[in-house]
Amino acid sequence: MSAEIFTNEAIDLESLPKYEEIHLNKPHSDYWKIICINLFILFLLIGIGGGLLIVFNQKVRPHVILIATVYVALMVIFFLLFWASFKKRGYAIRTKDVIYKSGIIAESTTIVPLNRIQHIELNEGMLSRIYKLGSLQIFTAGGQTGHLRIAGIPIAEAKSIRDLLLNKLDLIENPETENEI
Amino acid sequence: MNNDFSKPQRQSAFGIIIIAAHTAYKIGKATIFFLIYAFVKMGAAYTTYTLLGIGLIILLCLIFSYLWYLNFTFFLDKEKQEFVVNKGILNRDQVIIQLDKIQQVNINQNILQKLIGVYGLKIDTAGSSGEEVSIKAIDEVSAYNLKEHLLSRKTETVPTALVSDKKATDAENTPILRISSWTLFKVGLTSNYGQSLALMVAFFLYTIQEARHIMDVFELDKGYVKSTVLGLATLFSVAVIVFILLVVLLIINLLRTFYKYFELEISQHRHSLLLSSGLIAKKSTLISPNKVQITKYSQNYFQKKLNMLNISLKQAHFGESKKGHEMQGNTLEIVGCNTHERDELLKMILTRVPLKGKTFIPDWRFLNLPIFFKLVLPVAIFLIIIFNVPELKPYIGFAIAYLITGVLMIYISYRKHRISVNQDFIIKTSGIWDISNEIIMPNKIQAITTSQYPWHKSVDVGHLCLHTAAGEIHFKYGNYTEIKQLVNYWLYQVESGNENWM
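From first to last, the protein sequence lines stand for chains A and B. Counting along the first sequence from 1, when you hit position 102 you're at 102 in UniProt numbering, and nothing is skipped either side. Counting along the second sequence from 1, when you hit position 101 you're at 101 in UniProt numbering, and nothing is skipped either side.
If we strip away everything but chain B, and leave its shape as in the complex, we get:
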C-alpha cells in the first residue's frame, strides 16, 4: 500500500467479511425475537425454510458488503487539505472532510477485527449532521499512517504545536500516563456508581421484559414463576437483598471499568494525544489538544484519600439531533490519574497548569429555590397527606431524614459552587459528592448570557452562563456587578484577539 494516500484506494479486502458480519449482526439483532419465535412456534417442518431464510440473509449481506467494498474508496487531497471518501451502492455519495475540521481519529479493533488482524478507523468531525467516516478494515501500518496524515496538517496552522513539538522530541511515544490494573480496581470501587446503577436497572428491566416474552412463547405458567420468585424473595430478608444488590453493583462497576479502561495509556504523538484502552476491543483515540473545549477533573471523598482523579475532555458537539450517547462519544474520560499526572495532562492540553485566580462565590440566596422546591414543598405535601391518612404516620421519620440530608446536600452544593477567574482560565467548581472542576479558556467562549430576576435587582444578584461548543458553564446567584465586569472582560478577550476556538 502506498504511504501518502494521494490516490483513491479501497480498504482492505477483509472489509467484506467485516461489513457482512456487521450487517448480519444488525439484522440479527433486529429480528432475533422473531427468529426465536419462528423456531419455537413453527415446529420442525419449517426449520429448513427458516435456515434457508437465514442463509439467504447471510448471502445478501455478503453481496451487499462486496458491492459496498467495491464502491468505497478514500483518498487524501493534499492541495485542498481534504480527505475524500466515495461510497454508496446505488446512489453515490461523496464525503469531503477538511483536515483542520477533524476532531479526533479513532482506531478500534473489535473481536472479529482482532481475529482477522485488521483495524477499524473512524473520523469524528464537529459537523452538525454528525456525519462521520468509518473505514471498517485497514491494516495496522496503514491505519496509523493515515491517522498521522490526517492529523499532521495542523503543524502549520497551530502556533502552539511548536511547543508540543519540542516536548515530543523528549518523549517520543513513551506514554506519559499509564493506569495500572490496581489503580483501575480502585477506580472501579470509587466512581461512576450512577452509570452502573442505570445500567443495572436497564438490564433488570430488559430481563423482565424478555422473560415475559419467553414465557409467552413457551406458554409457561406465570403464576408458578411468580410464586417461585416471591418465595425466593421471602427466603432472604430485605437487608440481604440490598447487600447482594450493592455487591452486584460494585462488581458491575469493576467490570465496566476494566472493560473500558484496561491498560489505559496516554502518549504524545507530535501534536496530538493518543489515548488507548480497552480489554476485549482495544480502542485508540487521537485528539489534538486545541480541539478540547472543556477540560474537567473531578474527585470524590474516597478518591481524594487515594489521591486519584478522573479527567474528562469535552470536545465540540452540536446539539441538534444528537442523542445522549453520541454526545458522550465526544467526551474522553481518563480515570485514575494522580495529581502529578493531572498536572502533566493539563499542561499538555492547556499549555500550562491553570492556577486559580480571583474566586467568586454565590450569594446565600442560592439556597432559597432548591430548598423550597426540593425540600419544603415535597415535605409539606407529604405532611398534608399524613394529616389525612393517619396510617402513614409511622413514616414521618423519613420526612425528617429527607429534610436533614436535603439541607446538608444543598448547603454543600452551595459551598462548592464557585467560579475562579484569571486571565487565561475560567475554573468552575461544583458538585456535592463528586467535586468537579471545569476549566475553559476564554477564547473557547461562543456566547455569554447574563440574567437576573426582577426581585434580585435591589440586592444586586444575578446569573451567568457561558456557552461553549461543548456545553454550558453556569454560575448562579453571583454579585451582578462583578458578573457584568467579568463579562465585559471576557468579551474584550474574545473580541480583541482573533484566536481560533478549535
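The following block holds chain A by itself, in its conformation from the complex:
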C-alpha cells in the first residue's frame, strides 16, 4: 500500500489528453427550428392571453403600446438568448468519457466519465420526432447537477451513441446501482 504512494508522482500533466481541445459536435440545425417552434408557441399563448386582457379589461387599454413593446422586446431577447445558447452547445464522446458544453452567458463544460454513468435515457418529443431528432440523458450518482442532457441529436446517431455507451457500461462491469427497490 505504502509503496504505491510514490510511484505515481511523475505524471507529465502536459501529456495527458486535453478535454478542452476536443472537437465538439454541434446539435443538428433542425434543432434550432424546434426551439423556434417551441418559443413561437409560448409567445403565441402569452400573446393570446395579453390580447384577451386588452380586449376585455378597460383599465389596461391605455397601456397597449407599452405592453406591445415589452412583448416584442421579450420575444427578441428570448430568441437571442436561445440562439446564443444554441450556438454554444456541443458534445463529444471520447472512449472514456462524455463531454457536453452549454451555457447562455457563462460557458460550462461537463464531463462524465463512462465508468460513473448510472443509466441512460433517450427521449423523443413530439416535435423532435417530426424532425427525426432525439435527446440523450446521461445520469450519474452526482444528483441533479451531475447529469447531462444532450438535445438535438439525429435519432439514428443518438441510438448508436446509446448502444455504444451501453456496451461500454457492460464492459466496465459497473455494478448497476440504478434500481434497488
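Since the hints were made in silico from the structure, they are not lab data.
A few chain B positions that, by computed beta-carbon distances, are all more than 10 Å from chain A:
1. Phe5
2. Leu245
3. Leu249
Computed cross-link-like contacts, DSSO-like style, restricted to lysine-lysine with a CA-CA straight-line distance of at most 30 Å:
4. B/Lys457 / A/Lys18
5. B/Lys358 / A/Lys96
6. B/Lys29 / B/Lys260
7. A/Lys18 / B/Lys356
8. B/Lys358 / A/Lys18
9. A/Lys26 / B/Lys476
10. A/Lys101 / B/Lys358
11. A/Lys88 / B/Lys457
12. A/Lys18 / B/Lys476
13. B/Lys393 / B/Lys374
14. B/Lys476 / A/Lys87
15. B/Lys476 / A/Lys101
16. B/Lys476 / A/Lys96
17. B/Lys296 / B/Lys358
18. A/Lys101 / B/Lys457
19. A/Lys87 / B/Lys457
20. A/Lys26 / B/Lys457
21. A/Lys96 / B/Lys356
22. A/Lys88 / B/Lys476
23. A/Lys101 / A/Lys168
24. B/Lys282 / B/Lys186
25. B/Lys457 / A/Lys96
The model shown is predicted, which means the values in this text are computed figures rather than measured ones. Idealized CB from N, CA, C, for every residue including glycine.
Dock chain B against chain A, hints included.
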C-alpha cells in the same frame, strides 16, 4: 433465534406494541388539535363518545400492527447476497436489498423500546427512492448479529478491508474515540448556533400559532393577552431581552448537543465503524468507511483555541424528492474531537491522513460579485431611500457598519477559499467563521463541470465544480489553465483506474 437469518423470520413479538404505539402516536400527532377542540367544545355529554372513539382508534392500531407483524418477515439470502423483506397487509411488498448496496445500519432505541428491552434496526441504502427497511423490534443479540451479517460481506469485495482487519485485531471493540461530557459542554458552547437559532425561531413561531389556536378555543380576550405581553416587554429593556435570548440560545444549544451526542463513542468493528451516541434514545450507526463520499472537518476560532473540531461524514444521497432532513440523515456528525483523534479517524476512513498538496487560490475577482450584490447594491438602495425619506437619516450608521463587516467577511471568505490537490486527495477549504475542510478522493468524483464567463476569457479565470454522490465541491475564480490541467488529471485518475466509488 437462529443465528444466520437464512430462514424467513418475524421480528420480536413486542413489535406489535411498538408498531401500535407508533401508529397511535402518528394518528395522535395529526389529530391532537382536533381532539383538544372536541374535548373543549363538545362538553361533558360527548366525552364518553370521544373516549370511545379514542379507544376504537387504539384498538384499530393494535389490529393493524398485529397484521403488520404477521406479514413482516425478513431473511438473508446468502447465495444472492441479498436481504429480503416481505411486508404489507393487503398488498404484499417484497423489498430486496443487495448487501453491497447497504450504506449504513442503524440500531436505535427509543423510550418505549428501552422499557420493553428491544431495539429498532434500520437499513439505509443509496436507493433513489429513499426506500429503507426498518425493523421495529428485535432483541439486542439478534440486532447486532444481523448487523454483523449485513455488513460482513464486504470483506471479499473490498481490498482495503485487509488493512482494517489487521487494525481490528489490535483494537477489537475498544473505542477509538470517546467524547466526554466536559468536551460536549465545550462543543455546546461553541458550535451549531445557526441550527439552534433556527430551532428557537421555529419553536417560537409554533408557540405563537398554537397559543392563538388555544385562545380561539377558550375564547380568551386577545387584547388582554397582548397588553400583558407588551407590559412584560417594556418591563425589561431591550438589552435585557437580547441577553436572555442569548442565554436561552446557549442553553438550547447545550441541551441539543447533549441530547444528540451524549456518550459519543466510535469503535471499529472489523471493516466498519460503529458510532453510538444519544441521551434518551441511544442511537448506534454502522458505516463502512469506503461508502463515505465526502469527509469534512470544521473548526472556528474558539474551537481552535480549545483544540476541538467537528467532523462530518457525508454518504451518497440521491437528490430526488428527498427533503432536507433526509439528506442530513446521510451525514454523520462527530463533534469535539481533537487533532489527534481527527487524524486517527481520517486514517480509518481514508486509509491515511491526507496531506495538503499543491494549493490553488482564487483570483481577486472572487470579490467583485459578492461585494456588488451583497454590499454595494443594498447600500445604494438604502441610500436612495434615505435621500427621499429624511426621517431615516439617523440610521445611516447601520449602513456603514454593514458595509465594513460585509467587506471584512467577504474578504475572509476569499482568503479562506482554496483547493489543495495531491494525487490521492482533494481538499477544499472554505468558510468565514467556521472554517471547513472537505476532503474527497478523486475516485469519488462522478462528473466534473468547468465554466467561464466570456469576460473572464482574457484574464484566464474560471470555475470548477466537482460532482460527487454526496454533493458538490466548488472552486471559483481559479486560474482556468490550471483548472483545465487539474480536470484532465482527475479524468485520467478516474478513467484509468476502475476503482469503485462506493
